[in-house]
Amino acid sequence: MEFSEDDSMLNQSDYDYDYDVVTPCSYQNNHSVALVVGQYVHSVIFVLGFLGNSLVIVTYAFYKRTKSMTDVYLLNVAVADLLFVLSLPLIVYNELWSWPMGPVACKLLRGSYSVNLYSGMLLLACISADRYIAIVQARRSFRLRSLAYSRLICALVWTFAFLLSVPTFYFYNWYEPSHTRDSFLYEREERNRTFTRDAFPYEGEERNRTFTRDAFPYEGEERNRTFTRDAFPYEGQEANGSSRSPHYVCEFSFMDDDAARTTKVAVPSTQLAVGFFLPLLVMISCYSAIVVTLLRARNFQRHRAVRVVLAVVAVFLVCHLPYNVALFHDTVSMFQQQTCEASDALQVAKTVTQTVAYLHCCLNPVLYAFVGVKFRNHFLRIVQDLWCLGKRYIAPRRFSRVTSEVYVSPRRSVDGSNDNGSSFTM
Amino acid sequence: MVSIRATVMVITILTVCVLVTHTDSSAVPHGCCRGYMKTKLPFPVIRGYSVQTQRELCPINAIIFHTQKGKACTDPALNWVMDYVNRLRNKAQRVHIKNSKM
Chain A
1 MEFSEDDSML
11 NQSDYDYDYD
21 VVTPCSYQNN
31 HSVALVVGQY
41 VHSVIFVLGF
51 LGNSLVIVTY
61 AFYKRTKSMT
71 DVYLLNVAVA
81 DLLFVLSLPL
91 IVYNELWSWP
101 MGPVACKLLR
111 GSYSVNLYSG
121 MLLLACISAD
131 RYIAIVQARR
141 SFRLRSLAYS
151 RLICALVWTF
161 AFLLSVPTFY
171 FYNWYEPSHT
181 RDSFLYEREE
191 RNRTFTRDAF
201 PYEGEERNRT
211 FTRDAFPYEG
221 EERNRTFTRD
231 AFPYEGQEAN
241 GSSRSPHYVC
251 EFSFMDDDAA
261 RTTKVAVPST
271 QLAVGFFLPL
281 LVMISCYSAI
291 VVTLLRARNF
301 QRHRAVRVVL
311 AVVAVFLVCH
321 LPYNVALFHD
331 TVSMFQQQTC
341 EASDALQVAK
351 TVTQTVAYLH
361 CCLNPVLYAF
371 VGVKFRNHFL
381 RIVQDLWCLG
391 KRYIAPRRFS
401 RVTSEVYVSP
411 RRSVDGSNDN
421 GSSFTM
Chain B
427 MVSIRATVMV
437 ITILTVCVLV
447 THTDSSAVPH
457 GCCRGYMKTK
467 LPFPVIRGYS
477 VQTQRELCPI
487 NAIIFHTQKG
497 KACTDPALNW
507 VMDYVNRLRN
517 KAQRVHIKNS
527 KM
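Just so you know, the sequences run in chain order A and B. Throughout the first sequence, residue numbering follows the working numbering, covering 1 to 426 in sequence. Throughout the second sequence, residue numbering follows the working numbering, covering 427 to 528 in sequence.
Don't read these hints as lab results, they were simulated from the structure. By construction, the Cβ of each residue, glycine as well, lies at the ideal position given by its N, Cα and C atoms. Some hints here could point you the wrong way.
[Claimed, not checked] Okay, the calculated beta carbon distance ranges per label pair:
(1) B:519 <-> A:255: 23 to 29 Å
(2) A:256 <-> B:519: 25 to 31 Å
(3) A:20 <-> B:509: 18 to 24 Å
(4) B:505 <-> A:17: 16 to 22 Å
(5) A:270 <-> B:517: 44 to 50 Å
(6) A:18 <-> B:517: 22 to 28 Å
(7) B:505 <-> A:156: 53 to 59 Å
Let the hints inform the model, and build the full structure from the sequences given.
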């Protein structure tokens with residue numbers, strides 16, 4: 001247009017000043033770690049978690065009726081883990097690609113993540129309490145351990161998990177961060193372009209809109225187009241990249257600063273308390289009582305049972321302690337000033353430890369379901385049936401009848417034989 | 427039982443999709459200011475500003491001044507920062523009035 005080419009003069013004047021800038025953190029390390037972890041480790045977790053937990057569900061659905069209280073819990077844990085694992089690739093994909101799935105997916109994925117996290121952890125606590133009642137309080141166990149009771153407890157756990165996730169559902173939103181979206185750019189007086197959409201967010205949402213609409217009516221649509229794209233030609237890649245494709249996030253957003261500060265502390269604190277410390281406390285107290293009782297008993301299988309208990313607690317700690325330490329550190333230091341290096345390192349730690357925590361839902365089927373002899377028998381029959389099924393598909397039609405008889409008959413006999421429903425499923 | 431075979435297929439396909447789509451992630455990490463400048467910026471180097479608010483994903487409030495050396499995180503509690511913001515806004519107002527008369 002008629003803009004003069006005297007930019008060079010204005011630009012040069014910048015070099016007369018000596019100043020250093022504290023730039024926004026780019027989280028480069030975290031981004032590259034998240035990229036690798038997101039691609040490879042999460043895929044492995046997804047496949048293993050999906051297979052393990054769906055096998056547990058299939059076993060319960062087709063072979064083993066949920067007879068005992070433990071069965072109900074194990075089935076619910078598998079459902080929670082499966083839902084979690086299913087949402088995982090979608091969350092990872094959206095995180096790496098600036099949430100292309102939009103606002104509804106944002107709320108649903110973040111919300112279901114939270115619900116499944118809480119229900120999974122609380123159910124593990126329920127399992128430990130159930131085992132405690134079965135082994136330590138064996139006399140009362142007939143009264144306390146009924147199917148209806150466990151279903152009620154599971155319903156309560158899911159309701160509680162959902163209630164705890166309401167803030168997540170409510171405050172997680174899909175948006176373009178205003179500090180990357182809206183820039184008040186006054187480049188040079190000659191250009192007369194004050195590219196702005198929300199130039200003064202400090203004055204509140206309402207006035208922003210009206211101001212920018214009214215203030216620059218003559219610029220119309222073009223105003224928004226040129227904003228930041230041409231305004232910072234000297235910033236190169238970074239400015240171009242962030243302005244051309246809007247970078248959406250699925251994160252917290254609030255109406256006021258007080259709500260923001262409170263919720264940003266309250267949500268991770270609740271996760272630490274109810275999603276980690278409460279189940280840990282219940283597990284440690286129940287399992288230590290169980291171990292004491294088992295060691296006193298004259299049971300030839302007691303050492304195996306103690307080993308299983310120790311493995312359950314150890315895996316829980318190894319998986320969740322690192323992430324919760326990182327989360328705690330992040331929550332405590334959230335509002336403090338940090339260097340970008342420290343902040344980036346903390347984010348890397350969170351990304352890595354979170355992945356370790358995700359591993360837990362692949363290990364749950366092994367630790368809780370497949371460790372039990374009875375469950376393994378049922379599971380082996382699935383494998384057997386699958387094999388027979390494969391044979392039926394491949395082999396000529398006339399064999400089908402024979403094979404089906406083979407795999408149906410033992411099923412009844414074994415099902416009838418192990419009806420005692422011991423809680424440890426060992 | 428056919429469903430198991432189908433689900434295995436679905437997982438495999440999903441995994442492949444996840445792997446393929448992730449190899450070329452172009453998402454630019456959204457930067458947040460995590461600290462403020464200790465020194466005062468010279469006003470003439472400022473090209474504009476944007477506002478980082480605690481109400482969104484970033485943990486602290488900040489005024490980000492755009493300078494030739496890049497973006498500068500500053501503390502909105504400081505007087506000079508808000509003074510600069512006002513000066514930039516006044517400039518914009520003047521530009522607006524000038525253009526309206528045309």
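Starting from the hint list further up, note which numbers the structure goes against and sort them upward. none
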